[in-house]
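Participant: Starting from the known structure of chain V, arrange chain P on it as the hints suggest.
Chains V and P, in that order, give the protein sequences.
For the first sequence, our numbering assigns the number 1 to the initial residue and increments by one for each residue that follows.
For the second sequence, our numbering assigns the number 1 to the initial residue and increments by one for each residue that follows.
Hint data in this document are derived by calculation from the structure and do not stem from the laboratory.
Every residue, glycine too, gets a C-beta built ideally from N, C-alpha and C.
One or more of the hints may lead you astray.
[Claimed, not checked] When the alpha-carbon atoms are kept at most 20 Å apart in a straight line, the in silico DMTMM-like pairs for lysine to aspartate or glutamate are as follows:
1) 324(P) - 288(P)
2) 324(P) - 215(V)
3) 368(V) - 415(P)
4) 368(V) - 404(P)
5) 322(V) - 215(P)
6) 368(P) - 419(V)
7) 322(P) - 325(V)
8) 368(P) - 414(V)
9) 406(P) - 404(V)
10) 406(V) - 404(P)
11) 324(V) - 323(P)
12) 406(P) - 403(V)
13) 324(V) - 88(P)
14) 368(V) - 403(P)
15) 406(V) - 366(P)
16) 322(V) - 325(P)
17) 368(P) - 404(V)
18) 368(P) - 403(V)
19) 322(V) - 323(P)
20) 322(P) - 323(V)
21) 368(V) - 419(P)
22) 368(P) - 415(V)
23) 324(P) - 403(V)
24) 368(V) - 414(P)
25) 324(P) - 88(V)
26) 322(P) - 215(V)
27) 324(P) - 323(V)
28) 93(V) - 325(P)
29) 324(V) - 215(P)
30) 406(V) - 403(P)
31) 324(V) - 220(P)
32) 406(P) - 366(V)
[Unchecked claim] The following residues of chain P were derived to be distant from chain V, with all beta-carbon distances above 12 Å:
33) 1
34) 3
35) 7
36) 53
37) 96
38) 164
39) 165
40) 171
Number of protein chains: 2
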Amino acid sequence: MNIRFKNARILTMVDGQDIFEGELWVEGTRITYTGDAMYEQDIANAGKKFDRTIDCGGNLLMPGFKNAHTHSGMTLMRTYADGLPLHEWLETKIFPLEAKMTPEDCALLTKLAILEYLTSGITAIMDMYLAPEAIAKACEESGMRVVQVSGINKFGPSLEVFEERFLKLNGRHPLSSYMMGFHAEYTCDRELLEKLSALAHKYKAPMFTHNSETEREVAECKERYGMTPTVFLDSLGMFDYGGGGYHCCHMSDEDFEVFKKHNMSAVTNPGSNTKLASGIAPVKRFLEEGINVAIGTDGPSSNNCLDMFREMFLVTGLAKLKEKDATAVGAADVLKMATVGGSNAMGLDDCDVLAEGKEADIIMIDLKQPNMQPINNIADNLVYSGSKQNVKLTMIAGAILYEDGKFNIGITPEEIYREAAAIQKRLF
Amino acid sequence: MNIRFKNARILTMVDGQDIFEGELWVEGTRITYTGDAMYEQDIANAGKKFDRTIDCGGNLLMPGFKNAHTHSGMTLMRTYADGLPLHEWLETKIFPLEAKMTPEDCALLTKLAILEYLTSGITAIMDMYLAPEAIAKACEESGMRVVQVSGINKFGPSLEVFEERFLKLNGRHPLSSYMMGFHAEYTCDRELLEKLSALAHKYKAPMFTHNSETEREVAECKERYGMTPTVFLDSLGMFDYGGGGYHCCHMSDEDFEVFKKHNMSAVTNPGSNTKLASGIAPVKRFLEEGINVAIGTDGPSSNNCLDMFREMFLVTGLAKLKEKDATAVGAADVLKMATVGGSNAMGLDDCDVLAEGKEADIIMIDLKQPNMQPINNIADNLVYSGSKQNVKLTMIAGAILYEDGKFNIGITPEEIYREAAAIQKRLF
Numbered sequence: 001m002n003i004r005f006k007n008a009r010i011l012t013m014v015d016g017q018d019i020f021e022g023e024l025w026v027e028g029t030r031i032t033y034t035g036d037a038m039y040e041q042d043i044a045n046a047g048k049k050f051d052r053t054i055d056c057g058g059n060l061l062m063p064g065f066k067n068a069h070t071h072s073g074m075t076l077m078r079t080y081a082d083g084l085p086l087h088e089w090l091e092t093k094i095f096p097l098e099a100k101m102t103p104e105d106c107a108l109l110t111k112l113a114i115l116e117y118l119t120s121g122i123t124a125i126m127d128m129y130l131a132p133e134a135i136a137k138a139c140e141e142s143g144m145r146v147v148q149v150s151g152i153n154k155f156g157p158s159l160e161v162f163e164e165r166f167l168k169l170n171g172r173h174p175l176s177s178y179m180m181g182f183h184a185e186y187t188c189d190r191e192l193l194e195k196l197s198a199l200a201h202k203y204k205a206p207m208f209t210h211n212s213e214t215e216r217e218v219a220e221c222k223e224r225y226g227m228t229p230t231v232f233l234d235s236l237g238m239f240d241y242g243g244g245g246y247h248c249c250h251m252s253d254e255d256f257e258v259f260k261k262h263n264m265s266a267v268t269n270p271g272s273n274t275k276l277a278s279g280i281a282p283v284k285r286f287l288e289e290g291i292n293v294a295i296g297t298d299g300p301s302s303n304n305c306l307d308m309f310r311e312m313f314l315v316t317g318l319a320k321l322k323e324k325d326a327t328a329v330g331a332a333d334v335l336k337m338a339t340v341g342g343s344n345a346m347g348l349d350d351c352d353v354l355a356e357g358k359e360a361d362i363i364m365i366d367l368k369q370p371n372m373q374p375i376n377n378i379a380d381n382l383v384y385s386g387s388k389q390n391v392k393l394t395m396i397a398g399a400i401l402y403e404d405g406k407f408n409i410g411i412t413p414e415e416i417y418r419e420a421a422a423i424q425k426r427l428f
Numbered sequence: 001m002n003i004r005f006k007n008a009r010i011l012t013m014v015d016g017q018d019i020f021e022g023e024l025w026v027e028g029t030r031i032t033y034t035g036d037a038m039y040e041q042d043i044a045n046a047g048k049k050f051d052r053t054i055d056c057g058g059n060l061l062m063p064g065f066k067n068a069h070t071h072s073g074m075t076l077m078r079t080y081a082d083g084l085p086l087h088e089w090l091e092t093k094i095f096p097l098e099a100k101m102t103p104e105d106c107a108l109l110t111k112l113a114i115l116e117y118l119t120s121g122i123t124a125i126m127d128m129y130l131a132p133e134a135i136a137k138a139c140e141e142s143g144m145r146v147v148q149v150s151g152i153n154k155f156g157p158s159l160e161v162f163e164e165r166f167l168k169l170n171g172r173h174p175l176s177s178y179m180m181g182f183h184a185e186y187t188c189d190r191e192l193l194e195k196l197s198a199l200a201h202k203y204k205a206p207m208f209t210h211n212s213e214t215e216r217e218v219a220e221c222k223e224r225y226g227m228t229p230t231v232f233l234d235s236l237g238m239f240d241y242g243g244g245g246y247h248c249c250h251m252s253d254e255d256f257e258v259f260k261k262h263n264m265s266a267v268t269n270p271g272s273n274t275k276l277a278s279g280i281a282p283v284k285r286f287l288e289e290g291i292n293v294a295i296g297t298d299g300p301s302s303n304n305c306l307d308m309f310r311e312m313f314l315v316t317g318l319a320k321l322k323e324k325d326a327t328a329v330g331a332a333d334v335l336k337m338a339t340v341g342g343s344n345a346m347g348l349d350d351c352d353v354l355a356e357g358k359e360a361d362i363i364m365i366d367l368k369q370p371n372m373q374p375i376n377n378i379a380d381n382l383v384y385s386g387s388k389q390n391v392k393l394t395m396i397a398g399a400i401l402y403e404d405g406k407f408n409i410g411i412t413p414e415e416i417y418r419e420a421a422a423i424q425k426r427l428f
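Here chain V stands alone, though its shape is the one from the complex (with noise of 0.2 Å):
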């Protein structure tokens, strides 16, 4: 389906914060156009065709939002055990139920957590869950684009199934695909990360993980291993290939560093962090580092929501909190994390931006609420006021799969609803 925009502001990213007013041409998967309003008729002498013409009404267009770290089937767990420190919750609460759970409940779970990814905004995660077969069909029949990472641990799946996932989920569907991860290093033994590196030295992979969430976590490496688990875990080779690491609250300057040398990203995941208690990332030293960050609103159960918009005001103000000093980690350099810099994160170099011959991964951001009025600064105020009630439309290579509150992923909310109810009533 071809898509014309007409009469929109749009943010492309490409250049920081600047907003143009102009149109844009969504054809197949892709954008054909973004620029100058065009007239009907130069339109129509050019033979271009459109199906649908959306007049923006002076509404922004700009590049979706890259969710880099999430467990989308945790919906399930929303508000199930909240108030525990991370390592009892996982322990005693959500392992034992993770256990009784089937593919089938992980994808309809996914797709309970894709309608609230729309609804944000949100139009790429990067998934670590239980049956990635299942979620990668979930994605693909709902239009989502998904990035999933291994979550392997001492407890499984086997190296033969970790590697069988990786080569048979890949290339199979242009919407998903897969890349070597971990849980995290308390929860391997020393071998099995050994193994893991040398297989991302034969496929010359990138390499992700939850790495230094909480204190108690680097403490305990350092007992174990006499290094914070970033350096540990560079002794190993892990991330000779790059990567990155999930939440990254507790770094040592050493760990700045092995990051630097292997191009690795930081995922900050922000609302987690203070849901859970776990610390504040130091995002603005990644920044002055050099260092790619992303952003990722964790799980459904530690969260507990899946908005981009909350964790963005969270980014920017417990840096500010952290740094006592106002002026840091400004909105751009956030607005850059939650697209740009997930998309460097996710390998996804064809969603990053708007422009020609990128994938169609937009969003229309609804202006006319009062708390985006008056108009001063819009790319600040996305930042700093945005809600999901500014998302107009989510579209993802090319398809239009949230609109004005209303959802078109093959399935609705209604029977997800009903279906994820009734998982609640069988494991619960």
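Facilitator: Below, chain P alone, put in the same frame as chain V:
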């Protein structure tokens, strides 16, 4: 107009987080029934007639949020000057602009804020800003409940005007009242403060002020008077009839004692305190000391949005970070602050909970948005996952001012945006 809400979940806030299924009646401005579902025939037999019956479809009714500290008219300066510390921001950017604003400007800009309050389920505001007569009129015309607080300081107005407003702006309209207050210790000289205290005694009136917002403010007060702002103001008898402090980030043991002695309220403003890097209020300690805590957004130029959901998540999240304890200040406490705690601070004893005889300040929360599914713990979910997108309806004193994205405040959003843009053009 008499309205029957049927088929609802109801969170009355009378007994903490208990939620039951039933119905609620509004007759005139008051709630006349909350309880089990009634048969239509029994209602007819009892001679009850409703102008409208709203089928809530299982959605949640709860008391509207009380925004216990704001400067509504500052909508004009939203993202006008981000990234500055408090004092520089006030002195170089805000004060010069405010000097040029007319009462008519204030009224219009207050209406812009009211639109946003309604989208966030806020049914009452404690507003400190210029041109109180114009603000009262704007709120009364719109149907917004407002408790104004004087922001007198050494630049004005005169004490005569202060007293005249206190007398004139109370009792003029059921939706609007006026309380004594002043901007802050650091913008008033000692003589003015002594005279304000005398007026508090003359009228046995509670007194409100910005209090211990920044470390600098506390340090400078100690230099001037050898005491913290709270202790110094108390030494003048300022709080002998109660009142409260806005922000209260930097509190000493003695400060807590002053708040307890005078039954004062602490109004926390976490959005503003993060954005301006002012600090994290000791909310857990306030609760432990039995001090009433309310929540405010602060003004839209320092936050930059007027969203109680953002504030609620920040209250609990920042408390957890500050205490390094994921169990600190749970959702139940936060919901109480955002409703009953606000009413207590603002002297709105009839607007705190959903019960017979109380004012009908009610919101309906859409539980059929993906961020509320599956339903595990609704009350927790409001705080940890709720957003403006979940507000389906906002009612104040029995009048529906916002429903399914449409406003009913006597002026259209488009007209407000147009006039706000004209003010912007004239003043910037």
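Participant: The structure should be examined with respect to each hint, and the outcome stated for every one.
Facilitator: Now for the hints, and whether the structure bears them out:
1. 324(P) - 288(P): holds, 16 Å
2. 324(P) - 215(V): This hinted pair holds, its Cα atoms lying about 10 Å apart.
3. 368(V) - 415(P): The given pair, whose Cα atoms are some 11 Å apart, holds under the 20 Å limit.
4. 368(V) - 404(P): Holds: residue 368(V) and residue 404(P) sit about 15 Å apart, inside 20 Å.
5. 322(V) - 215(P): Holds. Residue 322(V) to residue 215(P) sits at ~14 Å (cutoff 20 Å).
6. 368(P) - 419(V): holds, 14 Å
7. 322(P) - 325(V): Status holds; Cα separation ~17 Å.
8. 368(P) - 414(V): Measuring from Cα to Cα gives roughly 8 Å; hence the hint holds.
9. 406(P) - 404(V): Holds, at about 14 Å.
10. 406(V) - 404(P): holds, 14 Å
11. 324(V) - 323(P): It holds: about 18 Å lies between the C-alpha atoms, which stays within 20 Å.
12. 406(P) - 403(V): holds, 17 Å
13. 324(V) - 88(P): holds, 15 Å
14. 368(V) - 403(P): Cα-Cα ~16 Å, so holds.
15. 406(V) - 366(P): holds, 15 Å
16. 322(V) - 325(P): holds, 17 Å
17. 368(P) - 404(V): holds, 15 Å
18. 368(P) - 403(V): Given pair residue 368(P), residue 403(V) holds - Cα atoms ~16 Å apart, limit 20 Å.
19. 322(V) - 323(P): Judged against 20 Å, a Cα distance of about 14 Å means the pair holds.
20. 322(P) - 323(V): holds, 14 Å
21. 368(V) - 419(P): holds, 14 Å
22. 368(P) - 415(V): This hinted pair holds, its Cα atoms lying about 11 Å apart.
23. 324(P) - 403(V): Given pair residue 324(P), residue 403(V) is violated - Cα atoms ~40 Å apart, limit 20 Å.
24. 368(V) - 414(P): holds, 8 Å
25. 324(P) - 88(V): holds, 15 Å
26. 322(P) - 215(V): Measuring from Cα to Cα gives roughly 14 Å; hence the hint holds.
27. 324(P) - 323(V): holds, 18 Å
28. 93(V) - 325(P): With a Cα-Cα distance of about 18 Å, the restraint between residue 93(V) and residue 325(P) holds, given a limit of 20 Å.
29. 324(V) - 215(P): Roughly 10 Å separates the two Cα atoms, so the pair holds.
30. 406(V) - 403(P): At roughly 17 Å apart (the allowed maximum being 20 Å), residue 403(P) and residue 406(V) satisfy the hint.
31. 324(V) - 220(P): holds, 18 Å
32. 406(P) - 366(V): holds, 15 Å
33. 1: Label holds. Min Cβ-Cβ 25 Å, cutoff 12 Å.
34. 3: holds, 24 Å
35. 7: Per Cβ check, residue 7(P) is outside 12 Å of chain V; nearest 16 Å; holds.
36. 53: The claim holds: residue 53(P) sits with its nearest Cβ about 23 Å from chain V, beyond 12 Å.
37. 96: holds, 16 Å
38. 164: Holds: least Cβ distance 32 Å, greater than 12 Å.
39. 165: holds, 27 Å
40. 171: holds, 30 Å
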